[in-house]
Amino acid sequence: DTGVSQDPRHKITKRGQNVTFRCDPISEHNRLYWYRQTLGQGPEFLTYFQNEAQLEKSRLLSDRFSAERPKGSFSTLEIQRTEQGDSAMYLCASSLDPGGSSPLHFGNGTRLTVT
Amino acid sequence: GQNIDQPTEMTATEGAIVQINCTYQTSGFNGLFWYQQHAGEAPTFLSYNVLDGLEEKGRFSSFLSRSKGYSYLLLKELQMKDSASYLCAAIRKGGSYIPTFGRGTSLIVHP
Chain P
900 DTGVSQDPRH KITKRGQNVT FRCDPISEHN RLYWYRQTLG QGPEFLTYFQ NEAQLEKSRL
960 LSDRFSAERP KGSFSTLEIQ RTEQGDSAMY LCASSLDPGG SSPLHFGNGT RLTVT
Chain S
4 GQNIDQPTEM TATEGAIVQI NCTYQTSGFN GLFWYQQHAG EAPTFLSYNV LDGLEEKGRF
64 SSFLSRSKGY SYLLLKELQM KDSASYLCAA IRKGGSYIPT FGRGTSLIVH P
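Chains P and S, in that order, are what the protein sequence lines are.
Sequential numbering from 900 applies to the first sequence in the working numbering.
Sequential numbering from 4 applies to the second sequence in the working numbering.
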């Protein structure tokens, strides 16, 4: 079990640029989640995949955000035309059990700073 | 909808016991997670409660009362390394079982 890995760990970009983050979940996990966390707050749900299907998206996920999980393995989260308000830690998590009792395993996150 | 409330910050002394409370209002409640998060690190799983009662795991225990929409995390024999944020997350039944997190309780353990 190598855990959930995210790349890059840090990203600094200028307002208006596009950024893409990658998440590699635990290999046998079929559920993959993206959350966003700002200082002093808990993680906020963005979107969720079961295998390659994106089954739910938060209202937080504006049309500038898009996520994919093309083969049901790794996932990417793209933010287009970044804004300063997008600065946050982007966390990916994966889990196994569809019944809700399996804990989420989080990666170390990608910290985005938009200048 | 879901509403989760927990205190923003708590302080305690090394060796003591501390209880971190979490109240939730979740339609179709299906269980509650507790996570620990050290500064700059990922949240790590501590416990899961779906039935009423106390779940004990070493120095950490978690309690759930479904009728009261209430949970707590109990930390015994506090150590300095327990200084962290503690997140409770409620799971809504049906659909995707997506956990919704509270804002976290920052616990400061001092000597």
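The set of hints was computed from the structure by calculation and includes no laboratory data.
Only a predicted model underlies this, so the values are computations on that prediction, with no experimental measurement involved.
Hints are supplied without guarantee of correctness; some may be wrong.
Facing chain S, from chain P, some residues (calculated, C-beta under 8 angstroms) [unchecked claim]:
{"#": "1", "residue": "A952"}
{"#": "2", "residue": "L954"}
{"#": "3", "residue": "E982"}
{"#": "4", "residue": "L990"}
{"#": "5", "residue": "S1000"}
{"#": "6", "residue": "F1005"}
Glycine included, every Cβ here is placed at the ideal spot set by N, Cα and C.
Verification of the supplied hints:
| no. | hint | verdict |
| --- | --- | --- |
| 1 | A952 | violated, 11 angstroms |
| 2 | L954 | holds, 5 angstroms |
| 3 | E982 | violated, 23 angstroms |
| 4 | L990 | holds, 7 angstroms |
| 5 | S1000 | holds, 6 angstroms |
| 6 | F1005 | holds, 4 angstroms |
Going through the hint list in order, the structure does not satisfy hints 1 and 3.
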